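Engineer: Following the hints, complete the assembly by docking chain B onto the known chain A.
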Amino acid sequence: MNTAGAGLAWPSGASPDLLDASLAANPGYELIMLDDLDDSDRVALAGLDGDPALHAVLRPTSPSLTVKAVCRSTAALIDAHRVECKFARARYPEADEELRRIIAQLIVDSVLLIRTEQGLATGAEAAHLVTRRPDIPECADIQARLSLDALRYAQALEVRTPAELSAALYFYNRVPASPAWCQLISSPARAWSYLGMAPGGALCREVAQAWRHVPSAPDNSGWAFFKAHQRPQRPARHKLYLSPLPDELPRALTAAVPVLARHSVPGFKLGADVHGILRPDKFVVYLQSAEEADSLTADLADCLAGIPAHGVPFTAGALGGLLSWGVDPPRSESLLPWHGTSWRRWLTDRLASYLYQARGAGSMGTAAVRIALDRLELEGVNTATWTPDRLPWADQRTVR
Amino acid sequence: MPFIVRDLMVTVIPRGAPGDSGGCAACSDAGSATVGSCTSECGVACEVSDEIFDLAPYIYIDPAYLLELRQMLRHALAVGEIAVPTAGDAEVLEDQMRPRTLDDIDLLERSLTRALEDLREQRAALEQQAG
Chain A
1 MNTAGAGLAW PSGASPDLLD ASLAANPGYE LIMLDDLDDS DRVALAGLDG DPALHAVLRP
61 TSPSLTVKAV CRSTAALIDA HRVECKFARA RYPEADEELR RIIAQLIVDS VLLIRTEQGL
121 ATGAEAAHLV TRRPDIPECA DIQARLSLDA LRYAQALEVR TPAELSAALY FYNRVPASPA
181 WCQLISSPAR AWSYLGMAPG GALCREVAQA WRHVPSAPDN SGWAFFKAHQ RPQRPARHKL
241 YLSPLPDELP RALTAAVPVL ARHSVPGFKL GADVHGILRP DKFVVYLQSA EEADSLTADL
301 ADCLAGIPAH GVPFTAGALG GLLSWGVDPP RSESLLPWHG TSWRRWLTDR LASYLYQARG
361 AGSMGTAAVR IALDRLELEG VNTATWTPDR LPWADQRTVR
Chain B
1 MPFIVRDLMV TVIPRGAPGD SGGCAACSDA GSATVGSCTS ECGVACEVSD EIFDLAPYIY
61 IDPAYLLELR QMLRHALAVG EIAVPTAGDA EVLEDQMRPR TLDDIDLLER SLTRALEDLR
121 EQRAALEQQA G
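Chains A and B are the protein sequences, given in the same order.
First residue of the first sequence: 1, per the numbering used here; consecutive thereafter.
First residue of the second sequence: 1, per the numbering used here; consecutive thereafter.
No lab work stands behind these hints: they were computed from the structure.
There may be inaccurate statements among the hints.
Pairwise CB distance ranges, derived in the manner of DEER restraints [as the list claims (entries may be wrong)]:
| # | chain 1 | residue 1 | chain 2 | residue 2 | range |
| --- | --- | --- | --- | --- | --- |
| 1 | B | L116 | A | S178 | 54 to 60 Å |
| 2 | B | A76 | A | D389 | 42 to 48 Å |
| 3 | A | R251 | B | D95 | 52 to 58 Å |
| 4 | B | L69 | A | A53 | 42 to 48 Å |
| 5 | A | R212 | B | M72 | 40 to 46 Å |
| 6 | B | L73 | A | S40 | 45 to 51 Å |
| 7 | A | S22 | B | E91 | 56 to 62 Å |
| 8 | B | L73 | A | V214 | 39 to 45 Å |
| 9 | B | R100 | A | S186 | 43 to 49 Å |
Just so we're clear, the structure is a prediction, and the values are computed from it rather than from any experiment.
Cβ atoms here follow ideal geometry from the backbone N, Cα and C, with glycine treated the same way.
Excised from the complex, chain A in its bound form (with noise of 0.2 Å):
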């Protein structure tokens, strides 16, 4: 196993301030700013222009690296550093932490060098030098260690695109599609009888009275929407995942609609086909505040409690795997068409990157991992809980 940067040090001896630290701007990127982009990048990257912040894209000379689009500031820093020198800290007003952040991002990003004893360094060799924790944190729950064997699992595939990668982490822990599941489940009317939704059953019944279904796009057949009948007052962001195990689906099912429509949730989804049903995130509920969900929580813990979980990987957990949660980006988050719009797929779109690049530059096995984590964290993850404590757009939440 590679454990890239093991053997660096700073120039003192100590870890100082990475404020005070030499920087040079790693000359694998080039920095071209928006307006400058030949036609045809301008047409594939137009989604940026959805964030009037974005000023400027980093495009690698490498295929180690991967694009990125940076804002105003953070191109002229980068450009300040063209020549190595030292961070110039009285040009910023900003508040040292950010900055300690930004600089920490863009060296575990291979964008900034840094100044070691050994010379310049950056990426996976840097990494441990700019993040703070050691070692790969706790596992606080079953989800959480979920998490992290999905990141073992797919930092050892073979995979040649960060897309690739970010799907494997996003499918990690469904249950394998087996003859005997694809013969119960071998049709959509299968599925709905599977499930105790056949038309015409109590359940059926029961269901339509507070929600309708809508029919799926044909390439998104393997889910079933139910939409209140009233429309929400605002976007319903936050999502409670119920994970049981697939054959506890329709007993989870039955115990939770009634709770669901005492909470006049939003809206529902669920598995309608035999992948579907197999998935962790088989049953996931739509609400419009992290108070809402906190409170359906505490309900269905009660009504669930028992029914065995299978739990769902990059969510923060609740009642041992069998409940999770996790908070929508803002379109605003995903401006590009193959960016994901999910929270899962915001997590697992980022850390594929970062496995990308640490295993580019020589990182394997739990040393990539670590450095994928490290740079989650410093997006304002917790990677202990998956939880999005530090992410602008997300509320805090206080069931757990």
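Structural biologist: Just chain B now, kept in the frame of chain A:
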């Protein structure tokens, strides 16, 4: 002013215009089509999920299937009581290929005898052609 760095999740900028992502018309019309999806912020309640991938080759990556295949292979090896030799274990491999019972030997003798007979017939045919 906050500093922003956004990872675009690609190693090269894709060529050409982005195609139809499968998202809802409202999202697409808004100029921010999403991958096979509609965000929960979509104002048109377009009912399209936000959690599918439609970029190839996602469909080929399935940890669960890989896990199942691995288990089936282990099970099959265990049932067959096969010792899988490594590259350096030629002797182990040769030993595994030896007949173990009298029936094995009889079967092997019959096969070898038939092979010898085939060779003799072929030799005779070739000699006849040459003569």
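Engineer: All hints, please: hold or fail.
Structural biologist: Checked hints:
1. Between L116 of chain B and S178 of chain A the beta carbon distance is about 48 Å. The supplied range of 54 to 60 Å is therefore violated.
2. In this structure the supplied range 42 to 48 Å holds for A76 of chain B paired with D389 of chain A, their Cβ-Cβ distance being about 47 Å.
3. Distance hint check for R251 of chain A and D95 of chain B: the Cβ-Cβ separation is about 54 Å, which falls inside the suggested range of 52 to 58 Å.
4. For L69 of chain B paired with A53 of chain A, a C-beta distance near 47 Å keeps the hint of 42 to 48 Å intact.
5. Checking the proposed 40 to 46 Å range against R212 of chain A and M72 of chain B shows it holds: the Cβ atoms sit about 43 Å from each other.
6. For L73 of chain B and S40 of chain A, the hinted distance range of 45 to 51 Å is satisfied, since their beta carbons lie about 46 Å from each other.
7. For S22 of chain A and E91 of chain B, the hinted distance range of 56 to 62 Å is satisfied, since their beta carbons lie about 60 Å from each other.
8. Distance hint for L73 of chain B and V214 of chain A: a CB-CB separation of about 42 Å, consistent with the stated range 39 to 45 Å.
9. As the Cβ distance of R100 of chain B to S186 of chain A is approximately 44 Å, the hint placing it in 43 to 49 Å holds.
Violation of the numbered hints given earlier is confined to hint 1; every other hint is satisfied by the structure.
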